[in-house]
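Chain by chain, the residues run as shown.
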Amino acid sequence: MRRDTRRKVFLSVRHALLSLWLLISILPIYWMVTTAFKLPEQWYTWPPTWFPSPPTLENFYVTWMGYQMIPRPGVVLPTINLDPLLALGNSVVIAGSATLLSVAIGLLLAYGVSRYQIIPEKRMFNLLILRMMPPIVIAIPLVIWYSTLRFLDTWHGMIIIYTITTIPYAAWMTKSFIDEVPEEMEQAAQLLGASKLRAFFTIVVPLIRSGIVATCMFILILTWSEYLLALVMTAADAQTMPVQLSKFEGASEGRLYGLQSAMSIGVTIPLIVIGILIHKHLVRGFSFGMIRRQ
Amino acid sequence: MVQATPVRRKGGLLRWGALTPLVLALLFMIPVLLLQIYLTLHQWTAYLGPWWSAKFVGLEVFWEALTEERFLLALARSFIFAGLSTLLTLLLGFGLAYLLQKPFRGRGFYYMIFIIPMLTVPVVIGFTFQMLLYQDGPINQILSLFVPGDIRLSWLGDPTAAFASMVLIETWNWTPFVMIILLAGLVSMPKEPVEAAQVLGASRWQIFTQVTLPLLKPVILLAIILRFLEALAEFPKFWTITQGGPGTATETIPVYLYLTAWEYANVSHAAAMSYIVLLLVGTIIYFAIRTLLRQKQSLDVMFAKTEG
Chain A
4 MRRDTRRKVF LSVRHALLSL WLLISILPIY WMVTTAFKLP EQWYTWPPTW FPSPPTLENF
64 YVTWMGYQMI PRPGVVLPTI NLDPLLALGN SVVIAGSATL LSVAIGLLLA YGVSRYQIIP
124 EKRMFNLLIL RMMPPIVIAI PLVIWYSTLR FLDTWHGMII IYTITTIPYA AWMTKSFIDE
184 VPEEMEQAAQ LLGASKLRAF FTIVVPLIRS GIVATCMFIL ILTWSEYLLA LVMTAADAQT
244 MPVQLSKFEG ASEGRLYGLQ SAMSIGVTIP LIVIGILIHK HLVRGFSFGM IRRQ
Chain B
9 MVQATPVRRK GGLLRWGALT PLVLALLFMI PVLLLQIYLT LHQWTAYLGP WWSAKFVGLE
69 VFWEALTEER FLLALARSFI FAGLSTLLTL LLGFGLAYLL QKPFRGRGFY YMIFIIPMLT
129 VPVVIGFTFQ MLLYQDGPIN QILSLFVPGD IRLSWLGDPT AAFASMVLIE TWNWTPFVMI
189 ILLAGLVSMP KEPVEAAQVL GASRWQIFTQ VTLPLLKPVI LLAIILRFLE ALAEFPKFWT
249 ITQGGPGTAT ETIPVYLYLT AWEYANVSHA AAMSYIVLLL VGTIIYFAIR TLLRQKQSLD
309 VMFAKTEG
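Note that the protein sequences, when read in sequence, are chains A and B. Here the working numbering is used: the first residue of the first sequence is 4, the next is one more, and so on. Here the working numbering is used: the first residue of the second sequence is 9, the next is one more, and so on.
To be clear, the hints were calculated from the coordinates, so they are not data collected in a lab. Keep in mind it's a predicted model, so treat the numbers as computed, not measured. Be aware that one or more of the hints could be misleading.
[As the list claims (entries may be wrong)] With a straight-line cut-off of 30 angstroms between C-alpha atoms, the simulated DSBU-like cross-links for lysine-lysine are:
1. A:K250 - B:K245
2. B:K110 - A:K283
3. B:K63 - A:K283
4. B:K245 - A:K283
5. A:K11 - B:K110
6. B:K199 - A:K11
7. A:K199 - B:K304
8. A:K199 - B:K63
9. B:K304 - B:K199
10. B:K225 - B:K199
11. A:K283 - B:K304
12. A:K125 - B:K110
13. B:K245 - A:K125
14. B:K304 - B:K225
15. A:K250 - A:K125
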C-alpha cells in the first residue's frame with residue numbers, strides 16, 4: 004500500500020519536472036515562431052503579446068519576398084543588401100557540398116582504419132584536435148591565406164574549409180557504424196574474388212546506409228549553423244544564412260522583432276526537423292561515435 | 009568488439025583513396041600555421057600595407073599581449089563562463105537523464121522536445137533570447153508572476169546580469185547534449201552491479217555514489233571535456249546578444265579576438281593572442297585526448313554489449 008502511493012508520488016513528480024523543462028525548452032522557439040506572425044504594433048507591448056491576433060504573413064512577405072502586402076510607413080527595411088533567397092541558395096550549396104565531401108572522405112578513412120589500420124586508431128584520435136580547437140584561434144591566418152589564394156567569399160573556399168573542419172565528425176561517426184558490421188561477410192566476398200573496395204561498396208555500404216544518411220544529416224546541421232568562419236570569410240557573393248540574419252539584425256539594431264523572427268524560422272526550423280528525424284543517432288555524432296545508443 | 013584481425017595488409021587502392029584527401033587537407037592548412045607564427049613576430053596593421061612588408065619585431069607583440077590586462081581578464085572570463093555553464097549543464101543534464109532512464113509512456117516525446125535547443129542555429133538563439141530578455145519581454149513578465157511587483161530588469165544592460173544571462177543561455181542550449189550522452193550511459197549500464205548491491209542491502213544513496221557514478225565515469229568525463237572545450241570556443245551567441253558588452257562584462261576570448269582583428273584592425277596583436285590561446289587550449293586538448301583515449305576502452309565495452 005505505502006509503496007504504491009510512494010510510486011504514484013514519484014511518477015507525478017517526474018511528470019511535473021519533465022513538463023517544466025519541456026516548457027523551458029520550448030519557450031524560446033514558441034516566442035520566435037509566434038513573433039513572426041505578429042504585426043509591428045504587437046512587437047514591444049507590455050504585457051507582451053503571447054498570441055498574435057490577428058496572425059499575419061506580412062513579416063514573411065517583407066523578409067523573403069522583399070515587398071509589403073499592406074504598405075506601412077512604420078516598417079522600413081534596413082539599408083543593407085538583403086537577399087535572403089541568395090543566402091539560402093549559398094547555404095544549400097555550401098553546406099550540402101561540404102557535407103557530401105566530408106562524409107565521403109570520412110567514410111573511406113573510417114573503413115580503412117576499421118579494417119586495415121591504414122593509420123592506427125590512436126592516431127585517428129588526433130583528428131579530434133581539429134574539432135576541439137576554437138575556430139577563432141586560426142581565423143586570422145586563415146583569412147590572410149584565403150585572400151592570398153583569392154578564395155575569400157567564394158563557394159569553393161567555404162566548401163573546402165567546412166569539409167576540413169567536419170572530417171573528424173564524419174570519420175568517427177561512420178566508423179562507429181562500420182565497426183558494427185561483422186567482418187566475416189566481407190572476408191567471404193573477398194574469398195569469392197571481390198576486391199577490397201568492391202567488398203566495401205557492395206557489402207558494407209548497403210548495410211550501414213541509414214547510418215550514412217544520419218551522418219550526412221548531422222554534418223549538415225553543423226555546417227548549416229556555422230557562424231564565425233562564414234562571418235569572416237564571406238562578404239556578398241557567398242554569404243550564408245546565419246551571416247545574413249546577423250547582418251540584418253545589426254542593421255536594424257535588433258529591433259525589427261517580427262521580421263527577424265520570420266527570417267529565423269527559415270534558418271532554423273529545417274534543421275530542427277532534420278535533427279528530430281535522426282534523434283536516435285544524434286548522440287553518436289556529438290560524441291564522435293564513442294557512444295552508440297540513446 | 010572482436011579484436012581486429014592482425015593482418016596488416018596494406019589496403020592498396022583503399023589506402024590511397026582514404027589518405028590522399030587527408031594529406032591534401034594537411035598541406036592546405038600548413039601555410040595557415042606558418043602565417044600564424046609570422047604574424048606573431050611582426051607588427052602588421054591591416055590597412056597600412058600588405059602583410060609581407062610588415063616590420064619584424066620579434067617577441068615584442070607577444071609580450072604586449074601576454075601582459076595586457078584586458079586580454080587576461082577575457083581569458084579568465086572565458087574559463088569562468090565555460091566552467092559555470094559546464095557545471096550547470098552537467099547537473100541539469102544528469103537530472104533529466106535520470107528521470108528519463110526507465111521506459112514510460114511519453115518518454116520518446118519528451119526526448120524529442122528536449123533536444124530542440126541544441127538543434128537551434130546559434131545566431132537564432134541569440135536573437136530569440138534578445139526578444140525574451142527585452143525589458144518589456146516575456147521573461148520579466150513570467151518573473152513578475154512569482155515575485156511581488158512589476159519586474160522590469162534590463163538583463164543585458166547590467167554587467168553581472170548580462171554575464172549570468174549568457175551562462176544560462178549556454179546552459180539552455182547545451183543541457184540536451186549532456187542529457188543524451190548521460191542517458192545513453194545510464195541505459196547501457198550493466199544491471200548486475202546494481203542488483204548485487206541491492207541484494208547486499210545497500211541504500212539508494214550508496215548505490216548511486218558507489219556503483220552508478222563510478223560506472224558512469226567515462227561517460228561523464230566525455231560530456232565534461234567536450235562541453236568545456238566548446239564553451240571556451242563559443243562565439244555566435246555572444247556576438248549576436250551582447251558583443252562583449254555592457255562595457256567588457258561578457259567579453260570572452262573569442263569576442264575579444266574578433267574585436268581586435270576585425271574591428272580594431274590590429275591583426276598582429278590578435279594573432280599573438282591567438283597564439284597564446286592556441287598553446288593554452290592545445291595543452292588542455294592534449295590532456296583531454298589522453299583521458300578520452302584511456303576511457304574509450306571502457307566506453308567501447310559498455311556500448312558494444314548492448315548492441316542490438
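Hints and how they fare:
1. A:K250 - B:K245: holds, 14 angstroms
2. B:K110 - A:K283: Distance of about 16 angstroms is within 30 angstroms: holds.
3. B:K63 - A:K283: At roughly 55 angstroms apart (the allowed maximum being 30 angstroms), A:K283 and B:K63 break the hint.
4. B:K245 - A:K283: Within the cut-off at roughly 27 angstroms; holds.
5. A:K11 - B:K110: Status holds; Cα separation ~15 angstroms.
6. B:K199 - A:K11: Holds - the C-alpha atoms of A:K11 and B:K199 are around 24 angstroms apart, at most 30 angstroms.
7. A:K199 - B:K304: holds, 28 angstroms
8. A:K199 - B:K63: violated, 55 angstroms
9. B:K304 - B:K199: holds, 20 angstroms
10. B:K225 - B:K199: Judged against 30 angstroms, a Cα distance of about 16 angstroms means the pair holds.
11. A:K283 - B:K304: Holds, at roughly 21 angstroms.
12. A:K125 - B:K110: violated, 35 angstroms
13. B:K245 - A:K125: violated, 34 angstroms
14. B:K304 - B:K225: holds, 11 angstroms
15. A:K250 - A:K125: The given pair, whose Cα atoms are some 42 angstroms apart, is violated under the 30 angstroms limit.
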